[in-house]
Amino acid sequence: MTTAPRQPITTPRLVVAGLVVCVVLAAIVSFWASGHPDGLEFVAEKLGFIDSAGEHATGDSPLADYGVAGIDNARLSGGLAGLIGVVVVAAVAFGLMHLLRRRGTTDDQD
Amino acid sequence: MCNKHVPVRKGSDMHVPDGFLDAPTSVATAAVAVAGVGLALSRARRELDDRTAPLAGLVAVFVFAAQMLNFPVGAGTSGHLLGGTLAAVLVGPWTATLCLTVVLAVQALLFADGGITALGTNITLMALVGVWAGWLVFVGLRRVARSAGPKVVPALAGVAALVSVPTAALAFTALYAVGGRAPIPLGELTAAMVGWHTVIGIGEGVITLLAVGSIIATRPDLVHGARGLLSARPLQIRTEVPA
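Residue numbers (our numbering), protein chains in the order written: chain A, 1 to 110; chain B, 1001 to 1243.
For the record, the hints were derived by calculation from the structure and aren't laboratory data. Here the structure is a predicted model, which means the values were calculated and not measured. Do not take every clue at face value.
What the hints assert, rightly or not - If you want the footprint, here are the derived chain B segments under chain A, 3+ residues with CB under 8 Å:
| # | stretch |
| --- | --- |
| 1 | 1024-1034 |
| 2 | 1108-1116 |
What the hints assert, rightly or not - Selected chain B positions facing chain A (Cβ under 10 Å, derived; list incomplete):
| # | residue |
| --- | --- |
| 3 | Gly1038 |
| 4 | Arg1045 |
| 5 | Val1063 |
| 6 | Trp1132 |
| 7 | Ala1145 |
| 8 | Ala1148 |
| 9 | Gly1149 |
| 10 | Pro1150 |
| 11 | Leu1170 |
| 12 | Ala1174 |
| 13 | Ala1177 |
| 14 | Val1178 |
| 15 | Ala1182 |
| 16 | Pro1183 |
| 17 | Trp1196 |
Stated by the list, open to error - Quick list of the computed label-pair ranges, beta carbon to beta carbon:
| # | chain 1 | residue 1 | chain 2 | residue 2 | range |
| --- | --- | --- | --- | --- | --- |
| 18 | A | Gly35 | B | Ile1202 | 19 to 25 Å |
| 19 | A | Ala57 | B | Val1139 | 35 to 41 Å |
| 20 | A | Thr10 | B | Gly1187 | 25 to 31 Å |
| 21 | A | Ile28 | B | Gly1187 | 30 to 36 Å |
| 22 | B | Ala1191 | A | Pro12 | 43 to 49 Å |
| 23 | A | Ala17 | B | Asp1022 | 41 to 47 Å |
| 24 | B | Val1178 | A | Arg103 | 40 to 46 Å |
| 25 | A | Ala91 | B | Val1034 | 36 to 42 Å |
| 26 | A | Arg103 | B | Leu1210 | 30 to 36 Å |
| 27 | A | Arg75 | B | Val1144 | 45 to 51 Å |
All residues carry an ideal CB built from backbone N, CA and C; glycine is no exception.
Given only the sequences and the hints, what does the whole structure look like? Please build it.
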């Protein structure tokens, strides 16, 4: 815990702290997520058009429906899928934003 | 039931699966998505610099993680964050469009969440409508509350986020009216979609308020939606040690 209130947290620290939170949410907290159908699914079931959904083209992906194929333990399977998702999204998003950014900063700091 | 392997779960909230919409509608939304993302790729450069690019990466990861966390909204229904408004307020609307697009593409390709042929539809609904509806409401509110300074940014973002969810649901209903494959009474569909997604929007608003609030509290200078509000404040000298 930092004690200097006027000292803002540096960007790298903020990003690392944020990523830790994301890993905890995706790999651990996600186990307790509601398994109820979501808003769109619920409406589609109620009004009777859920069956028009086709088989998913990547439905046999080893990570389909946020589980890792071959791992029976739901907590481990879902947690690992969440962790893999975080790593993949991070790799693509940080890479893309890094490529697109303007060099330097308009105002200083960091 | 609390895991993600219940057979009924074919996708997440607002993630349109393959087959709901007919081919012409899917092709049309794919064209809209390509145009929107293409424009975002060129415009996001204005929003991204060495300071904000890492935050944009973090925002994408946060939206992915938060979208795994379905929260119950009653009557056996759940919802989860869409994240468009949250992303737009933190890193700017063009960059937010790209953040959401990355998340949706990874979800569809890797996790079978949201259809492949429906990817254009999902990008249109969440990365374009969700982001821009939220951003425009936020900008409107900010204009009214300008004198209040950056402290109100999280609350304004929360309200804008709430509005963005039923707006995206309404956009889905419009697409369904044009290209839905199963015939459904439109009045009933509109009422059900907008009704449930207004309830889900409350969760969206709360999460957005908390997430934007946490960045405003630590690094308000990084928040895109707070720019202009901060410049009215006196400059202060910071003794920051580069990490």
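Status of each hint after checking the structure:
1. 1024-1034: Violated - the stretch 1024-1034 of chain B has 0 residues with a Cβ nearer than 8 Å to chain A, which falls short of three.
2. 1108-1116: holds (count 8)
3. Gly1038: Gly1038/B check fails; min Cβ-Cβ to chain A is 13 Å, beyond 10 Å.
4. Arg1045: holds, 5 Å
5. Val1063: This interface hint holds because 8 Å falls under the 10 Å limit.
6. Trp1132: Not OK, violated: Trp1132/B not within 10 Å of chain A, min 19 Å.
7. Ala1145: At about 24 Å, which exceeds the 10 Å cut-off, the nearest Cβ of chain A leaves the hint on Ala1145/B violated.
8. Ala1148: violated, 21 Å
9. Gly1149: Hint violated; Gly1149/B Cβ to chain A Cβ min 17 Å, cut 10 Å.
10. Pro1150: violated, 13 Å
11. Leu1170: violated, 12 Å
12. Ala1174: violated, 14 Å
13. Ala1177: It is violated, given that the least Cβ distance between Ala1177/B and chain A is near 13 Å, above 10 Å.
14. Val1178: With a minimum Cβ separation of about 15 Å from chain A (threshold 10 Å), the hint on Val1178/B is violated.
15. Ala1182: Since the shortest Cβ distance to chain A is 4 Å, the answer is holds.
16. Pro1183: holds, 9 Å
17. Trp1196: holds, 4 Å
18. Gly35/A x Ile1202/B: 19 to 25 Å: With a Cβ separation near 20 Å, Gly35/A and Ile1202/B satisfy 19 to 25 Å, so the hint holds.
19. Ala57/A x Val1139/B: 35 to 41 Å: holds, 38 Å
20. Thr10/A x Gly1187/B: 25 to 31 Å: violated, 54 Å
21. Ile28/A x Gly1187/B: 30 to 36 Å: violated, 43 Å
22. Ala1191/B x Pro12/A: 43 to 49 Å: With a Cβ separation near 48 Å, Ala1191/B and Pro12/A satisfy 43 to 49 Å, so the hint holds.
23. Ala17/A x Asp1022/B: 41 to 47 Å: holds, 46 Å
24. Val1178/B x Arg103/A: 40 to 46 Å: Given a distance of about 44 Å, which is inside 40 to 46 Å, the answer is holds.
25. Ala91/A x Val1034/B: 36 to 42 Å: Cβ of Ala91/A to Cβ of Val1034/B: about 23 Å, so the range 36 to 42 Å is violated.
26. Arg103/A x Leu1210/B: 30 to 36 Å: Holds, since Arg103/A and Leu1210/B (Cβ atoms, about 33 Å apart) stay within the stated range.
27. Arg75/A x Val1144/B: 45 to 51 Å: For Val1144/B against Arg75/A, whose Cβ atoms are near 47 Å apart, the range 45 to 51 Å holds.
In this structure, the hints that do not hold are numbers 1, 3, 6, 7, 8, 9, 10, 11, 12, 13, 14, 20, 21 and 25, in rising order.
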